[in-house]
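There are 2 protein chains.
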Amino acid sequence: MANVAAKREISSAEGEELSREAKRAKGDDKNGEESGNEPEWENILSTFTTTSVLSDSAREKIMFLHGKMAGDEAVVVLEKTPIREDSLAELFRDSKLRLDMRNDIYSSYRLQAPSHLNEIKTTVVCPATEKHVKKYRRQESFLVEETGDDYRSVTLPYIQEQSLSLQWVYNILEKKAEAERVVYDDPDPEVGFVLLPDLKWDQKQVDDLYLIAIARQKDIKSLRDLSSEHLPLLHNIFHKGKAAILERYNLPASKLRVYLHYQPSYYHLHVHFTKLGHDAPGCGVERAHLLSDVIQNLQTDPQYYRTRTLWFPLRADDGLLGRFKEARRL
Amino acid sequence: MANVAAKREISSAEGEELSREAKRAKGDDKNGEESGNEPEWENILSTFTTTSVLSDSAREKIMFLHGKMAGDEAVVVLEKTPIREDSLAELFRDSKLRLDMRNDIYSSYRLQAPSHLNEIKTTVVCPATEKHVKKYRRQESFLVEETGDDYRSVTLPYIQEQSLSLQWVYNILEKKAEAERVVYDDPDPEVGFVLLPDLKWDQKQVDDLYLIAIARQKDIKSLRDLSSEHLPLLHNIFHKGKAAILERYNLPASKLRVYLHYQPSYYHLHVHFTKLGHDAPGCGVERAHLLSDVIQNLQTDPQYYRTRTLWFPLRADDGLLGRFKEARRL
Chain C
149 MANVAAKREI
159 SSAEGEELSR
169 EAKRAKGDDK
179 NGEESGNEPE
189 WENILSTFTT
199 TSVLSDSARE
209 KIMFLHGKMA
219 GDEAVVVLEK
229 TPIREDSLAE
239 LFRDSKLRLD
249 MRNDIYSSYR
259 LQAPSHLNEI
269 KTTVVCPATE
279 KHVKKYRRQE
289 SFLVEETGDD
299 YRSVTLPYIQ
309 EQSLSLQWVY
319 NILEKKAEAE
329 RVVYDDPDPE
339 VGFVLLPDLK
349 WDQKQVDDLY
359 LIAIARQKDI
369 KSLRDLSSEH
379 LPLLHNIFHK
389 GKAAILERYN
399 LPASKLRVYL
409 HYQPSYYHLH
419 VHFTKLGHDA
429 PGCGVERAHL
439 LSDVIQNLQT
449 DPQYYRTRTL
459 WFPLRADDGL
469 LGRFKEARRL
Chain D
149 MANVAAKREI
159 SSAEGEELSR
169 EAKRAKGDDK
179 NGEESGNEPE
189 WENILSTFTT
199 TSVLSDSARE
209 KIMFLHGKMA
219 GDEAVVVLEK
229 TPIREDSLAE
239 LFRDSKLRLD
249 MRNDIYSSYR
259 LQAPSHLNEI
269 KTTVVCPATE
279 KHVKKYRRQE
289 SFLVEETGDD
299 YRSVTLPYIQ
309 EQSLSLQWVY
319 NILEKKAEAE
329 RVVYDDPDPE
339 VGFVLLPDLK
349 WDQKQVDDLY
359 LIAIARQKDI
369 KSLRDLSSEH
379 LPLLHNIFHK
389 GKAAILERYN
399 LPASKLRVYL
409 HYQPSYYHLH
419 VHFTKLGHDA
429 PGCGVERAHL
439 LSDVIQNLQT
449 DPQYYRTRTL
459 WFPLRADDGL
469 LGRFKEARRL
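If you're matching them up, the sequences are chains C and D in order. So in the numbering used here, the last one in the first sequence is 478, and the numbering has no gaps at all. So in the numbering used here, the last one in the second sequence is 478, and the numbering has no gaps at all.
Hints in this document: simulated from the structure, not taken from any laboratory. Warning: the hint list may mix true and false statements.
Given that identical chains are not distinguished, each listed pair holds provided it fits within a single copy or across any two copies.
As the list claims (entries may be wrong) - Derived EDC-like pairs (lysine to aspartate or glutamate); straight-line CA-CA distance at most 20 Å:
1) K324 - D252
2) K324 - D334
3) K269 - E190
4) K216 - E238
5) K388 - E377
6) K473 - E293
7) K216 - E190
8) K216 - D242
Only a predicted model underlies this, so the values are computations on that prediction, with no experimental measurement involved.
Could you build the full structure based on these sequences and the hints that come with them?
If you want it as structure tokens, here you go:
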């Protein structure tokens, strides 16, 4: 899921960039077709040879390629176009169908459409630099199984060695940064937290609402540190966070997905609030833990998250994955 | 590189399937081509007229349609297929390109591919009932909280009243349908299961691998029915399912997300196997339960899923949501 998140960020950043560029080109580009009727067909891609697939998404039908075009380094992005309602009649009339499967009232086919009804959006960066190539390269993820002992012998030492700065988190808690973005602030040192929009959310619409609650307690690294003594803190974040979102965004609790990540991307306890139905990066079952479930599990077993085996994805270039390999746990 | 190998293997598996299908067609279908080389083409969709677009996703390039086909109500799902690495060379050689924009090192095109390299996966439900139409119509979702008591007093009676036909499941288990699609079959009546590709997966690449394991035991409706007595069944599905996927698709367990849905879309125990990194619909934390977690929870508490509160999303038009409202549980 981390993978997909990274990809999606690239995709949407790229999409924005492309559309801005397209707009610019519309104004500046003087070599457009004069007649406006006949399309200008090229075959520059016939000289393209693929070196590697940098990343792709079967769900989004997009592929990022690195290769060479007439001697130059190039990045090519292929993306199937959305299905258009206004071409359906022609599509059904002029396509060929190949039966794949039939069972009861269900059948499935492969449909071959006239190619002008089924284009592929193609973006070329040429000559491309190493920076372009890196930008589009995706890393594979691997599911890691971490017992309580693995946590103490592999993960915890790794986290401590890294000692990544949390200064930006403390800046938020102390109102030294992003103070104007804070949606709700509970100053209690034990159960208090700060709620603010995640940077991924542009706050333009609630459809993709995404907020983060950051606990004021500084010594809780992750889910693994939680025990029943933290129940008042978790309850407080759960209830006041939902109430603040209802008040500010008019979105009731039944429309929210409230969860923690394991592994988190930074080791200071924080909780994600995203809109149900918005496919937020990182909301997959392999990384997300519903806060309501976490509370219930701690109520039943105060040491639940200290003793249980937990599973999570790690990217191939994650140092922690290397440690799990060294420990022969992968 | 492992990816490439796996893709090639799928291609050849697909090739085998095609030739098997061609053989079947030759035997059963009296109006098939005599040569046995040409695929079996249909044009049933030419009689389809669209009544409405039930939902669509520009991001996923998918569209759900309601309409009529030769007098019958029908639902048609069109989904563009993922881009295939093994067809890139042919794609670049044989496609036409139309320049849309050029600016500095960036350019963008519309690519028209040979139609056999750019198919649209088409699923037809015909005749379709109002329930099918409803299933695909876009709806808001609400998160429901279900205690063990709620399950027994609200959910279970509702499921029993609905008594939806599971004939298509039994057809698969009894090899009366889709027998040629089965990837692995364990015939044991207690712990056995059938593993086959989900209809959402076109099997052309492992990137969006999606298989379903259907238990042979017929009396397990969902997660709620599971207790420690089912651990041998769950272990068997988990281990043999992963082994079968490694053998057939060369995809190791560390690349798999294995989970159950609650609520499931049909009440006969089944387990989802999807590729980690593929953002499969329904893999979100609000609906998916990792099989490894389910096993661990049942090992610790044999009645875990019969007693715990569970959360899940229900669409606005789901009859079960109405029942929760009537019971003042929402």
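(request) State whether the alpha carbon distance between K324 and D334 is at most 20 Å within one copy, between copies, both, or neither. (result) within (16 Å within a copy, 61 Å between copies)
(request) Could you figure out if K216 and D242 sit no more than 20 Å apart (CA to CA) within one copy, between two copies, both or neither? (result) Intra 36 Å, inter 18 Å, cutoff 20 Å: inter-copy only.
(request) Can you give me the call for K216 and E190, within, between, both or neither, at a CA distance of at most 20 Å? (result) within (17 Å within a copy, 40 Å between copies)
(request) State whether the alpha carbon distance between K324 and D252 is at most 20 Å within one copy, between copies, both, or neither. (result) Answer is between; shortest inter-copy Cα gap is 10 Å, intra-copy 59 Å.
(message) My question is about K269 and E190: at a cut-off of 20 Å on alpha-carbon distance, are they close within one copy, between copies, both, or neither?
(response) within (14 Å within a copy, 28 Å between copies)
(request) First find the shortest C-alpha distance between K216 and E238 inside one copy, then the shortest across copies, and answer within, between, both or neither for a cut-off of 20 Å. (result) between (37 Å within a copy, 16 Å between copies)
(message) My question is about K388 and E377: at a cut-off of 20 Å on alpha-carbon distance, are they close within one copy, between copies, both, or neither?
(response) within (19 Å within a copy, 40 Å between copies)
(message) When Cα atoms must be at most 20 Å apart, do K473 and E293 count as within-copy, between-copy, both, or neither?
(response) within (11 Å within a copy, 40 Å between copies)
Comparing the model with each numbered hint stated earlier shows that all of them hold.
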